[in-house]
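Asks: Letter by letter, the chains look like this.
Protein chains: 2
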Amino acid sequence: MGSLPLEAMMPLNPDSFAGESSAVVDFLADYYRNVDKYPVMANTQPGTIRKLLPEAAPELGDSMDRILDDVQRDILPGLTHWQSPSFFAYFPANASTAGFAGEMLSAGLNVVPFVWTASPVATELEQVVVDWMASLLGLPERFHFKGGGGGVLHGSTCEAVVCTLAAARDRALSKLGHEGILKLVVYASDQTHATFQKGASIVGIPPANFRILRTSANSGYGLTATIVQRAIEEDVARGLVPLYVCATVGTTGLGAIDRVRELGHVARRYGTWLHIDAAYAGSAAICPEFQGHLDGAELADSLSMNPHKWFLTNMDCCCLWVANPTTMTDALSTDPEYLKNVGTTSKMAETVDYKDWQIALSRRFRAIKLWVVLRRYGAAGMRAHIRRHIQMAEWFEHVVAADERFEVVVPRNFSLVCFRLRPRFMADKAVEALNCDLLAAVNASGRAFMTHFVVDDKFVIRLAVGGSMTEMRHVRAAWELLKEKANDLIATGC
Amino acid sequence: MGSLPLEAMMPLNPDSFAGESSAVVDFLADYYRNVDKYPVMANTQPGTIRKLLPEAAPELGDSMDRILDDVQRDILPGLTHWQSPSFFAYFPANASTAGFAGEMLSAGLNVVPFVWTASPVATELEQVVVDWMASLLGLPERFHFKGGGGGVLHGSTCEAVVCTLAAARDRALSKLGHEGILKLVVYASDQTHATFQKGASIVGIPPANFRILRTSANSGYGLTATIVQRAIEEDVARGLVPLYVCATVGTTGLGAIDRVRELGHVARRYGTWLHIDAAYAGSAAICPEFQGHLDGAELADSLSMNPHKWFLTNMDCCCLWVANPTTMTDALSTDPEYLKNVGTTSKMAETVDYKDWQIALSRRFRAIKLWVVLRRYGAAGMRAHIRRHIQMAEWFEHVVAADERFEVVVPRNFSLVCFRLRPRFMADKAVEALNCDLLAAVNASGRAFMTHFVVDDKFVIRLAVGGSMTEMRHVRAAWELLKEKANDLIATGC
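One line per chain: the protein sequences are A and B, in this order.
UniProt numbering puts the first residue of the first sequence at 1, with every later residue one more than the last.
UniProt numbering puts the first residue of the second sequence at 1, with every later residue one more than the last.
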């Protein structure tokens, strides 16, 4: 594995491929063995790695062993360790042996299945796995290929949102003419992911036509039909055109749930596109006890969820289903000469060209990754995975509620607990500062990483259970850590 | 590696991770050993794989060994083998041992570096490698971080185009107001990748304001200043606003080269954004003898190229550089509460949050992949890689030109040769049919895969050299195959 003489450069020699790749596998296995020894959130000053590395790329190559030594020395200390069992921040990003195997197969076969011909099995396997997933989540028939709809694997929810917004926009503009773009209005709640506003801005919806509807504790911060209907009616009265409602099942801040069926009826009434963003909580819908949150999905035009969050599928993988694929391909199709299939046109009628279901032309063979995950763990294994985390979150919610110094701010829906330290007789402003300090102290300890949210002026700490290696002992340790830091802060007179 | 009892499901157990991952490595090494034994373009009927697989996901998990057996039996025969040494279609998608190692590290560490805090080293390594790449390509100082610009790794050129179009659009609309979107005009040539028109449509540019400018053989199908200037002046005279010119260095159809410096002067004169799309040929610019094609890049606002094509970097990886990052972050920033960094705000001024440089929030740690490629092969190794393919393409162009039955339709610029069979005394229409049949016969043989293009009503066959395992003997064999099929067709009286 020494540096390469130029004339002998064989970048895909099978023997050196096997040797060097095995070294990386061993490196990663060691990383997983030791991941809980690193500070979960990187304890790094800005600019550290930039100063460490040379200003220019090396002129000559180096051995894989030496490169891995450098990863160990220079890279690992600067990571925030998303695979640490004590990572409770944001939402999880599950790695797994099967997800990694699928990613290796995707990267190793390295096909680019933009049209069917460019790798038929990649397209068809994708159709199969998105139908499998639709069944597992209990989605209505209209989102399955066999029901006239269909799914696609994107890299992110934002891409799914941009594509469906473009579909809804172009459907509307085909009647209004392009100048109608100035009249189009989109609707979301104050809990909807920022990605939606960004997506609307990307597709050219006027910023003034983006409605952020207020939610409250009464509905558990879920969006209800009444408020959407009122907003739509106001806009219609002003001569605007309601385009798209984004409903979320499991919001990022609080895990809140919008009322899908109610919103669906409103959307139908006004002819607006309804998208269901179940990026995080969609995974839970493989368990029958959580499928009720998607009740009414047959009234939606599209639905997305991210296996790369809580479904043991390494980054990246987002499932998007649409009820009427033609609306999307009308907006996103291209048909340049260099992608046409010579001699195969006759059989093409039955095939899908996924380039017309996404933003980019090129794409990765993500289907094999999700397929390996489903094959390796089975539906039963995946349900056990989800339920294990829910149980740990239940336990955590219980101990927080039972400790009189703390409070659960919003009832837990899935595996996310939102809470704060709330000593009696402390002014609101002081409580906010206290929780801010508590979170900073927890994260600075390196023993866990959590993030926060603000709702109704309350600063709340979010603990999202869901790591692939997270066990009950890690959740217990997080709770002990929180109590320890809370004691320190209260003792020093915060 | 048997099926998993539910209670014991440990999806990231380091020991089983190592064992199962090694099995995948061995599987892929065997695949590379045998890849030239498969038909390069899949010889599959539509629906084959869909019929082969069960309708529902399995309830119980299976062993990795059994899954790999199924990949061998069901998946491999349905692939079009992009890593075959006889894959000459589209443009190459280079896999390499280093690119795969980098992909494994990215997938295995599985961090999501949307903000600096979410993995500081991932952000900073990205800044380092895009600066390294900018230097290797000889890009002007203004595209380096140290020069006030900066780069980012996207998944595709289309994403780069959408982000820069949104930046240019919002810069213009900040003066015009949002209703100005109806006046914005974008410019490209009839050789520009379809991705650009799709990108313009995604960001809401009116379809009627998309100018496709005619190129000709006189300029080698490159876009010249004269034609762009005329189009811009017509639009200005009509009260429209010229927004964005897309220049391509190495077009998909023919490998044509737009005149960057000339176009830059026009763009400056009218205040339009100039983007340089060097998706394929940008890799060649690491060799000084090809850097001249980017001459004038200091007049551009942005430039992109894809290491995932011809730079030994497994899918996906697109470098985008911008001269003024603020224009892009103004268009793409979000700042939701759940992504703010508690206790670290003070040091954030110096850091980059890459979520504001791209469409999606989430992102993969692509930087480590490109870094491993550069470390493993070095600049010298990469130049040797590029030059090896160029030499093979030169040889192929030479033998085609020397055979009187064939003709090179457009002079070769890089590693793409565009040619056709042109028997004397044959009518144009018959020549077109003949080449269509020739291409179909070559691809149906399974011994090579090429694609086509149409220029000035000529059907041309494209042979793009660039596979990681492609050697001179494969290019020779492709030429023998073409001659053999041409003889057959001519003998049967085409």
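Everything labelled a hint here was simulated from the structure, so no lab data went into it.
C-beta atoms are modelled at their ideal positions from N, C-alpha and C, and glycine is treated no differently.
Some hints could be false.
In silico SDA-like pairs for lysine to any residue, Cα to Cα no more than 25 angstroms straight-line [what the hints assert, rightly or not]:
(1) Lys175(A) <-> Arg211(A)
(2) Lys340(A) <-> Lys175(B)
(3) Lys175(B) <-> Lys429(B)
(4) Lys340(A) <-> Val236(B)
(5) Lys175(B) <-> Ser216(B)
(6) Lys183(A) <-> Val241(B)
(7) Lys146(B) <-> Glu55(A)
(8) Lys340(B) <-> Asn341(A)
(9) Lys37(B) <-> Glu432(B)
(10) Lys175(A) <-> Asn209(B)
(11) Lys51(A) <-> Val352(B)
(12) Lys340(A) <-> Ser445(B)
(13) Lys340(A) <-> Gly47(B)
(14) Lys429(B) <-> Leu481(B)
(15) Lys429(B) <-> Tyr338(A)
(16) Lys458(B) <-> Glu432(B)
(17) Lys146(A) <-> Pro58(B)
(18) Lys483(B) <-> Asn341(A)
(19) Lys340(B) <-> Glu55(A)
(20) Lys183(B) <-> Tyr338(A)
(21) Lys146(A) <-> Arg420(B)
(22) Lys183(A) <-> Glu432(B)
(23) Lys51(B) <-> Glu350(A)
(24) Lys483(A) <-> Asn341(A)
(25) Lys175(A) <-> Arg50(B)
(26) Lys340(B) <-> Tyr38(A)
(27) Lys458(B) <-> Glu55(A)
(28) Lys146(A) <-> Lys340(B)
(29) Lys340(B) <-> Asp190(A)
(30) Lys51(B) <-> Asn324(A)
(31) Lys146(B) <-> Glu350(A)
To give an idea of the interface, some chain B residues facing chain A are shown, with a C-beta separation under 10 angstroms as derived from the structure [said to hold, decoys possible]:
(32) Leu213
(33) Ile227
(34) Gly292
(35) Leu339
(36) Phe365
Among the chain A residues that face chain B by a calculated CB cut under 8 angstroms, a handful are [said to hold, decoys possible]:
(37) Ala57
(38) Pro58
(39) Gln83
(40) Ala194
Asks: Against the structure shown, which of the earlier numbered hints fail to hold, in ascending order?
Replies: 2, 3, 4, 5, 8, 9, 19, 20, 21, 22, 24, 25, 27, 28, 31, 32, 33 and 34
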